[in-house]
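Protein chains in written order, with my numbering: chain V, 1 to 280; chain Z, 281 to 628; chain C, 629 to 883.
These are computed hints drawn from the structure, not numbers from a lab.
Taking lysine-lysine and the DSS-like style, the derived pairs with C-alpha atoms no more than 27 Å apart in a straight line are:
(1) Z:K547 to V:K15
(2) Z:K506 to V:K218
(3) Z:K485 to Z:K292
(4) C:K781 to Z:K547
(5) C:K852 to Z:K519
(6) Z:K617 to C:K852
Just a sample of chain V residues kept apart from chain C, beta carbon distances all over 12 Å, derived:
(7) K22
(8) P101
(9) P107
(10) G187
(11) L225
(12) N259
Glycine is no exception: its CB is placed at the ideal position from the N, C-alpha and C atoms.
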Amino acid sequence: MIKEELVNSNWRVRKGHIIRVKRMTPCEKLFEIELESGRALDYEPGQFVQVSVFGAGEAPISLCSSPTKRGSFELCVRAAGKLTNAMHALEAGDELGIRGPFGKGFPVKVLAGNDLIFVAGGLGIAPLRSLINYVIDNRREFGKVDILLGCRNPKEMLFADDLEFWQKRVDVNFSCTVDTGGPDWEGNIGLITSIIPGITINPERTFAVVVGPPVMYKFVISELLKKKIAERHIILSLERHMKCGMGKCGHCQIDSLDNYYCCQDGPVFSYDRIKNVAKM
Amino acid sequence: MATHTRYYTLRKDDLNSFIVKLSRDHKVVAPVSKGYGNFAFAEVTSSNDIVLKYIPTILPPKKYFFPQRETILTFSTGRGENAEAILEHEDTVIFGVHTCDLNGIQCLNIVFSERPRDYNYLGRKDKITIIGLECSEYCDKDASCNLMNSNFPNGGYDLFFTDLGDAFMVHVNTQAGEDLVENANLFKPASPEQMAALYSLRDAKRALFKNEVAVDRKDIPAIFDKSENSAVWQKAGEKCVGCGNCTNVCPTCYCFDIADTMNLDLKSGRRVRSWDSCQVEPFARVAGGENFRSGQAERLRHRYYRKFRYSLGKYYRFFCTGCGRCTRACMAGIRLKETLAELVKEAL
Amino acid sequence: MTKPKIAFFDLSCCEGCQLQLANMGELLLDVLELVDVVEFREVMSEKWEGNFDVALVEGSVTDDHSEERLKAIRGRSKVLVAFGACAATGGVNGMKNSFDLEEIGKYVYGADHKSFPTRKTRPLHQVVKVDYTINNCPAYIPELVEVLKHILKGLPYAVPDYPVCVECKFNENVCMYERGAACMGPVTRAGCGSQCINNNNICYGCRGMVSNPRENAARDIMAKYNITPELIAKKMEMYNKCREEEKNVKKEHHH
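Using the sequences and the hints, build the whole thing.
This is how it looks when you write it as structure tokens:
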């Protein structure tokens, strides 16, 4: 048996340096990472990277920063599995491996010139933040912007700094709801679907971008359709276990006659393309 | 100008000399008996252990291209960690590959050549020489190779052997094949009589092999278009034990998992890719706990769609070779031909 | 860096899993480079009064005394490992749970049975929080080493949740069902490299079942081999009787 280095292998990882770690909730941390090469990661909002902690393995993580942010990129990581728990043990100065970016991101060129409604549930705010901040950094290119955010309780609220920043801006409408509030909570209480009807929408020129847990999609989409938003104007990001990122390993294949691989054809899809998928 | 002699013959008595010679310069693997009517590709150094008349081996020859487990990366951990992508390969001649398995290798070649390319597969493929072997009759009742158009040679080999009784007819398909023939110094040009024998064997095959399920191959994708909610999946799903045998033995299944293993120094380790199966429960589960294919019927349906429907759109070919392995390996007795026949009946 | 202090204990068991350590050969020397064994009744007489970084406990909990001992060990250990089938799943000790406790006591100890009060067999996790599990009867050395590496690296070890058939096919064994023998491979968790089938034996299910075994499908398969439902039930229960109590176990134990 001959063993040789495979210089053109797609399994090679690029070295990333953690330059900052911020705990956001008991379960989630924000990592700011710089590639060792000093080169920027060339990505679009909505794409993901494969992160390696050698020994613990590799897992797909959504990019949560906007590519308009130069030099470094950010990942919001919930400690849920072997890799993400190992990541949580890392601190600034530590190294990890990066492959990617992978996948089709949000269609920013298509969205330009339109009104946007962002709907985020739970950890869905992470990939959506990459697009929201991209839109804010290119604010002139877009029409009215509404951000609707839902999570279980105020303690689980991610990206507090961004939320405050969005709230203060006059060029975005920000609303937020929780399933159960606390004594200090002054915002909305209830499901995210409850705040959609109150928004004024011009269906001709509105795109809704929705990211959240699978259980949320059905109900949010039904509310958006009631607002006469076209199916192809509803943009979603699906969750699957993308193990290879190359459309090969089979784990992220979506059950549909269109035979989508989430890692290459997605994770971002317009609703008209996936509406027959039983489990979104 | 070189003479373009594409057919040679090898006397059966000379097969042993050929294998012995080959095995001096290469690892030679061929079908050998595992007992209980089972066969496997394994290393040989003479023709003594080779079984020329065999039903498809337990595992198809894909194991030489895409091993059950392979190291794709080695690494060291800690500050200044380093990783190196690697390929482990071996110069190998596979002797005695049936046409169904040649078809299977062609399917995998397409998958792993598609960008982003899999250089582990492709690097290994470059080191493998393939010698095919024709089936003159059905291996057993579980095959459906006529339906899947893989009972006749259709490329995918360097040399192709057809048993003509006292000699093998040998078709040369590549320069690498021609080189093996020349170096062996055992092959003779085929005579007109021997060519006639080959053609009559092929004619006899055409008379013998009939579609094993009463359906026209080109109608299969349309049948699957209508069958997503068929009761067939529920029925077979209840019988299915979810062992993953059908995918592991399939010549065109290529799903995989990736995991790291540390060495005992706890400082270095390797990243290993291993075969995975869409039939086992954790396959489509994500870290948050959601399982996107939580029922056995869904998982079983998924496998069939990957063979008869999805691959048509992505790769323009069926990913079933009709080898029958999934049926033979199924303890629960879920038979591919029966499942297809039921779907056909329902769709009519 | 000081080496982690590691200790071995046994409850109801044959101590065969601890013996597997001795069977590791040269690998054992590599392992001993990494850890400091402070208590191991089978090979040394020393006892350790302090706390343990890692305690490997073999055997099941079968009486009140062993429950107390286990709880005390848990209290002294940072990491507790269920070591081997009896500790991980109850193993063969679980067969006791098929009988009335009084009767089985009489059967084993005769007239003196009242001097040996017994309880239903439980694997460790049904009594205390378990951090790592090493299945198999006896423990399978490559997996034992793999789990140790995970412990020392602070990584969680997930026992494969797919059947032994997967590894058995990797090894290209002739299926036991093709040889006419009813094998527990289809419902048993992999991780053993299908070593029994590699060595021409059937799988007895010693690693416990996958999370959601396809039990009815497995019973149907066995029935085709003219095996009586009673024998199928016994095959299923030989190593897996304690599964019945899983539903009664609280998700989280506290130290």
